[in-house]
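Residue numbers (my numbering), protein chains in the order written: chain A, 1 to 220; chain F, 1 to 220.
Think of the hints as simulated: they come from the structure by calculation, not from any bench. Quantities reported herein were computed from a predicted structural model and do not represent experimental measurements. Hints are not guaranteed to be accurate.
[Unchecked claim] Covered by chain A, per the in silico footprint, the following chain F stretches (three or more residues, Cβ under 8 Å):
#, stretch
1, 34-40
2, 79-92
3, 175-181
[To be verified] Calculated pairs, PhoX-like style, for lysine-lysine (alpha carbon to alpha carbon, straight line, at most 25 Å):
#, chain 1, residue 1, chain 2, residue 2
4, A, Lys208, F, Lys84
5, F, Lys208, A, Lys84
6, A, Lys84, F, Lys84
[Claimed, not checked] Computed Cβ-Cβ distance ranges for the label pairs, DEER-style:
#, chain 1, residue 1, chain 2, residue 2, range
7, A, Gly20, F, Asp10, 34 to 44 Å
8, F, Phe4, A, Gly20, 38 to 48 Å
9, F, Lys113, A, Ile116, 29 to 39 Å
10, F, Glu7, A, Glu17, 53 to 63 Å
11, A, Glu6, F, Gln5, 28 to 38 Å
12, A, Arg163, F, Arg64, 13 to 23 Å
Just so you know, even glycine gets a beta-carbon here, dropped at the ideal spot from N, CA and C.
Number of protein chains: 2
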Amino acid sequence: MRHFQEELEDLQRNLLEMAGLVELAVHESVQALTQRDQERAQRVLVNEARINQKEIHIDEMATRLLALHQPMARDLRFLTVAIKINNDLERMGDLAVNIVERALSLIAQLPVKPLIDMPRLAHLSEAMVHNSLDAFVKRDSELARAVLVSDDAVDDLRDAICRELVTFMENDPATIARSLDLILVARSLERIADHATNIAEDVLFLTKGVDVRHHAEARS
Amino acid sequence: MRHFQEELEDLQRNLLEMAGLVELAVHESVQALTQRDQERAQRVLVNEARINQKEIHIDEMATRLLALHQPMARDLRFLTVAIKINNDLERMGDLAVNIVERALSLIAQLPVKPLIDMPRLAHLSEAMVHNSLDAFVKRDSELARAVLVSDDAVDDLRDAICRELVTFMENDPATIARSLDLILVARSLERIADHATNIAEDVLFLTKGVDVRHHAEARS
Chain A
1 MRHFQEELED LQRNLLEMAG LVELAVHESV QALTQRDQER AQRVLVNEAR INQKEIHIDE
61 MATRLLALHQ PMARDLRFLT VAIKINNDLE RMGDLAVNIV ERALSLIAQL PVKPLIDMPR
121 LAHLSEAMVH NSLDAFVKRD SELARAVLVS DDAVDDLRDA ICRELVTFME NDPATIARSL
181 DLILVARSLE RIADHATNIA EDVLFLTKGV DVRHHAEARS
Chain F
1 MRHFQEELED LQRNLLEMAG LVELAVHESV QALTQRDQER AQRVLVNEAR INQKEIHIDE
61 MATRLLALHQ PMARDLRFLT VAIKINNDLE RMGDLAVNIV ERALSLIAQL PVKPLIDMPR
121 LAHLSEAMVH NSLDAFVKRD SELARAVLVS DDAVDDLRDA ICRELVTFME NDPATIARSL
181 DLILVARSLE RIADHATNIA EDVLFLTKGV DVRHHAEARS
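One chain only, chain A, in its complex shape:
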């Protein structure tokens, strides 16, 4: 049997591979929408199976390590956090699939409007995902806190996008179904950012042993 610390490193490596797959899925789902690229959209759908397999694999690894090595304190905290991050990543993968489904529907129709704010929202959300994982790898609590703070900007931008699209729908009812698809894309991106926030909270728990969930003051 390999040394426990090596197995923990292997687990972290798998989690980062999972994160890489998910980051790519999120990025490509939005690219598929903005570039109206059906092939790209299909690739995201195909890759989801790999993300799902990896989630199960990581879950099994973490559970086995919990059972075999009966870790204490810091290592135990790492393993429970790994299980949670794994879960958040898998849900982000699902949300990328939701975006692709909307994108495929939108690509088949005329564009409602040039997408300007949506790529900005995507960029913000993707940065949060990337930074939350970076904070995890480096055990960087400052970077984790920065992720928590940027969640407000994502919410504001999401609201602005939805308000604009409602106005579009009101002015031209022919755009209703397509505008609704775009609203759902904006909400999926915001939920991806929420999962990045969860990961950032887990990083703070890991680095400081402080549980910041549901504590608004941690974000200020």
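Once you have looked at the hints, place chain F on chain A.
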């Protein structure tokens, strides 16, 4: 220190209390909408704090039991499943809050239409939540499978509601913002049902040691 089995029972009791709070929140959020009852809506918002506290408490209990007792096999599986169910319940609580936020916006305006399918969707989703927890308590894999099967009916009803509301918007653009709120309520209810599905999958893992996530055949 109490006996380990007693502590596991205490954990399960706490999880069921959490489930009770969440079931009530989901039920009351939809009642607030259909009865146009602002006070009921406010109560859901107030109770969310208790759900969040309970989530953290259960998480700490489970993590402490993992660390102190270093459980094997069946007990380890129970503890990891408890952590997951706790997480799913907390997210259902969040979704009930989302519903209440839409309800408060809708109560302040004229009704778009009589709500007929929405209470049916709510009823189906609530039954799935209740049955998934019941399956957990009784370790009843048949009931867990029944929950997985009913998820399709929820998806179909959600789709029907959204299609009808889009037609409403197209026929009368004055209803767009309100119809959109109702679409978001339907989506929240469907996501609540998805979390019940997650719990049912965890119950199957607990009773049979089989991981049915991402395996469509388990649903047939």
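### Earlier hints that do not hold, by number
1, 10, 12
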